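Chains as they are written, first to last, in my numbering: chain W, 50 to 246; chain D, 17 to 215.
The hints are simulated quantities; they were obtained by calculation from the structure and are not laboratory data.
Watch out, some of these pointers could steer you wrong.
Claimed, not checked - Covered stretches of chain W (chain D as the covering partner; in silico rule of three or more C-beta atoms under 8 Å from a C-beta of chain D):
hint: 1; region: 127-137
hint: 2; region: 163-175
hint: 3; region: 216-223
hint: 4; region: 229-237
Small disclaimer: the values here were computed from a predicted structure and weren't measured.
Glycine included, every Cβ here is placed at the ideal spot set by N, Cα and C.
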Amino acid sequence: MSLLSVTLALFLIMDPLGNVSSYLSLVDGIDPKKQKYIVIREMLIALATMIVFNYLGEVIFSVLHLSETTVRIASGVILFLIAIKIIFPAPDSLRANLPNGEPFVIPLAIPLIAGPSLLATILLYANLEPSQPIMLAAILLAWLGAVSILLCARFFQRVLTNNGLMACERLMGMVLILLAIQRFGEGIQQFVALYAT
Amino acid sequence: MPTPLLSIALTFFLVTNPIGNSPTIIALVKDFDFEKQKKILRREGIISLIIALFFQFFGELFLGLLKVQNFAVTLCGGILLFLVALKMIFAMCNNNSTAAVKQEPFIVPIATPLLSGPGLLTIIMLYSRQECNNLKITSAILIAWVGVLGVMIAAPYLQKILGKRGLVALEQLMGMILAMIAMDMIVKGSALFLKTLHG
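Okay, chain D solo, but in the shape it has when bound (with noise of 0.2 Å):
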């Protein structure tokens, strides 16, 4: 019984939580002027698109060949993105050297670990190896992004709404919350990791 095209692709969309990782963004770029946050964001979810069809095509064959496991990528997941988190809480302990050194975020994190993290790249495989209808799973990619860039687009508008203070604050939490998912992953590619030494 194949799945119908719609679901797949709101899974997809679920997966990806642009609307969830939205507040996350937002405080990673709060330091740029607006119309570079919206060229940022983007560009961001064009890439993480390009991630998520090379994967769809490549994925198995590329991890195949670096002879990479299931729980490595979950694993790699979820440590980039703890590091990140790390950065945004403790971000105000080296308040004083200004935010102009900051470096515009690019590909990492939001691009992949964020959007196209490791959950949405298993999945991605899972259904194309099940499916083995490369259109539908591509075109089922393609109308989740559709959503996914509507909303990265629609995003640094919130940040209108929330204001310069709201911004700060909201960095502090997204960071424990950022933390809080990349436990999760690292957790799960542990529980994955602990399957391979008894399999």
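Next up, chain W with everything else stripped away, as it sits in the complex (with noise of 0.2 Å):
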């Protein structure tokens, strides 16, 4: 896999345009400067979550003795699932009933941005990937990516206006399915590969 996809699935799957509303209800009457500095504090407890799973990836899967192509295609199956759940959105999500007063870790940096999704899939691809300097920087792209994102909140929400960033969201989920399906087909290739004579 390339640095690109790793980075864009990851980066897709923090969804941070689909959270930027939510991440606005959360801050709202809280002094901008401050919000800046939430902002921050959340997101590099989020990185630092996703660097441990990073390292758990390999541990685990070592002891579990998974092969690759079970890796390929749990991993899309998931991806898959994911993006259904942000292309049809369910009434009693996690967004719609945000608890109120100033985010300490939950629920900004856990479990909005680095959510179970998203740290399964890290462990999934940590796997998948051996090489462990191409993983850490796609985390650090697509972490990037989230951040610079929310810092501009409010510029994303009014250029693009409530309607836009569904539609951004939308599309977004659109590219997950379809690597979802890519990367559950290459798993069935290889276990074909493997298996069929």
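From these two lone chains plus the hints, build me the complex, please.
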């Protein structure tokens, strides 16, 4: 897998554009300087979590002896379900009932940014991608993208309006589904090449 | 021998199939009032045009960057449509929870994959590879979309003829047909996928 495709998948799963409106409603009423501080703090926490899971991934999969084929198919299925949730949002989702008050770790860092789906994907990718530097670079790049979007959250909301944000989110979901099906297909290809004669 | 502009435009129009799709689309937006329906359909038509143009210029580049093969595009459209079709067919089951919660269709499923579906996107990419004349393909897409938008604008009037009961029946029926269209895409995608296994 190339650096770009890992970065893109991680960025899309973080879904920063989709998080813009929930972030803004969370920090509503806190003064702008403090807001910037909060974003950076929360994002650093999210980054730390991601990196921990990146290293954890290697350990877990080597302990469990899972083959690459398995991991590929599993990550395809998981990505697919995440994308379906983005495209057909459920009314009782996490975003609909956010807790009040200044966000600290929960809910912004975890689970809005580094949610279970992102962490699971990182676990899987850490196993698929043999080179550690590429994985770290991908996490950093995707993270930088998400940070810059959240730092300019007001700007994005003004330019795109809520409908525009939703449109971007849907399109990102479509791309994610494409990636998921492709990954699943690759898994099956590998499986067939290995076991069918 | 280059294909004439009008025949390309006609192909695009036929593959987009706005006339065949309009009963389905009407069934999807039937819970909104008339003005809102017109607005939704106009918007979806324009979004599908943008998607088509995007794929004409950047389609190959985009799919290449993501390392996505053609079978994934087709399967993706098929699976999404199938999910929508299931919702339409089994809409009756939770009838008590009023239509108010029903969400406005936005991009998925009308703009894509119903109008700008995988079939259209593949054909657009194919033609733009063959013709090497971007202007011609763009104008063909634009001509086709004059027709598509025309049908989209006319579609809401169709429900005036059908009435409320007719629309409920239509939703189930169109769900069935949509499920078949979806299955067709899935079968085609699987065929493409099987080819990659042997090739």
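What are the numbers of the hints that this structure violates, sorted from low to high? The structure conflicts with hint 2 only, although it agrees with all the remaining ones.
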